[in-house]
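S.K.: Which chain is which? The protein sequence lines are A and B, in order.
Heads up: the first sequence begins at 1 in the numbering used here, then just goes up one per residue.
Heads up: the second sequence begins at 1 in the numbering used here, then just goes up one per residue.
Calculated directly from the structure, the hints in this document are not laboratory data.
Among these hints, one or two may not hold up.
Said to hold, decoys possible - Partial list, derived from the structure: chain A residues whose beta carbon lies under 10 angstroms from chain B:
(1) Ser49
(2) Ile51
(3) Ala60
(4) Leu70
The C-beta atom is built at its ideal place from N, Cα and C for all residues, glycine as well.
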Amino acid sequence: MDSLTWIGLASIVVAGLTIGIGAIGPAIGEGLAVSSALSAMAQQPDETSSITRTLFVGLAMIESTAIYCLVVAMILIFANPFWNYFIQQAAQQAGGGG
Amino acid sequence: MEITPDAYIYWRHGFAKLNLTIVTTWGIMLLLSLVSWLATRRLSTGPDIGRWQNAMEAVVSLIERQTSDIMQRKDAHRFMAFLGTIFLFVATSNLLTIFPRYEAPTGSLSTTTALAICVFVAVPAWGIQELGLGRYLKSYLAPNPVMLPFNVISELSRTIALAVRLFGNIMSGSLIVAILLSVVPIIFPVLITILGLLTGMVQAYIFFVLAAVYVAAGMRAMGPGKKKAQQQDKEEDLHG
Chain A
1 MDSLTWIGLA
11 SIVVAGLTIG
21 IGAIGPAIGE
31 GLAVSSALSA
41 MAQQPDETSS
51 ITRTLFVGLA
61 MIESTAIYCL
71 VVAMILIFAN
81 PFWNYFIQQA
91 AQQAGGGG
Chain B
1 MEITPDAYIY
11 WRHGFAKLNL
21 TIVTTWGIML
31 LLSLVSWLAT
41 RRLSTGPDIG
51 RWQNAMEAVV
61 SLIERQTSDI
71 MQRKDAHRFM
81 AFLGTIFLFV
91 ATSNLLTIFP
101 RYEAPTGSLS
111 TTTALAICVF
121 VAVPAWGIQE
131 LGLGRYLKSY
141 LAPNPVMLPF
151 NVISELSRTI
161 ALAVRLFGNI
171 MSGSLIVAIL
181 LSVVPIIFPV
191 LITILGLLTG
201 MVQAYIFFVL
211 AAVYVAAGMR
221 AMGPGKKKAQ
231 QQDKEEDLHG
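Chain A with its partners taken away, still in its complex shape:
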């Protein structure tokens, strides 16, 4: 296989792994956060609004780690810098050879 195929293969496999592994941690973290927020709300129903607000901010912070993984995966698939570089190289070689 030539280098372009290898780069494509590696990008897709690594993008899948990035999303797959990167979703595990945030999922556990969000589960823990929501469960403790629920028990806090059960104990202090008057504070529900402020607990909910803090919970949403915290969830967004936790979720952003998953979003980073998603952005990395998107870059690997759609905007891979190595991919573009090697396509340019191949075009130059084809232009120079032919």
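Chain B: place on chain A using the hints.
M.R.: Here is chain B on its own, set in the frame of chain A:
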């Protein structure tokens, strides 16, 4: 397929480019200005107020209440203009995704970085205004000077996080809809669009809350003198 609206370029002159993000951003700015102008044209007090004024009052008082709730300060209305503008801009640009062929400018990393840089500049500006330069810079040495590099890194990384979070959420939403449209064009993309609208509103709120929290934290000195003053306040509260 393009992942950001930056890639659609209308006009280019050397270094300067006019892309879809800029055009949409100006469109949203015009829309917001027009709506606020229309709504505040004939303001009135009394029992009969226009429906535009009514809607505008609801929005403004919502933002005011949220700001003072989050910042826990009496002078929270000072920050309302800045934080409310960010919220309204992000919320409007995410909300307009209900229209077909619309690309949210928040789905481009350049827009979200610009918003995050606004927050990055506003935090020390208000911090210095409140505490003075010396005490503000000293807050980077809290709890002890060993933490200085970590405080600086946290300042930078939270700005990057602010930008990438909004960008990632909106970009992934529009990208998933685009992919689904080519696979199942009938009902499923609509459901995902509704989910994207929810995410967009939540992200606008999150951006607003985080900006408010950062500004409020930047104005709070953590030096030993301040702590003592806070303790005295607390004791006075207890005794009084």
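S.K.: Against the structure shown, which of the earlier numbered hints fail to hold, in ascending order?
M.R.: Those not satisfied come down to hint 2.
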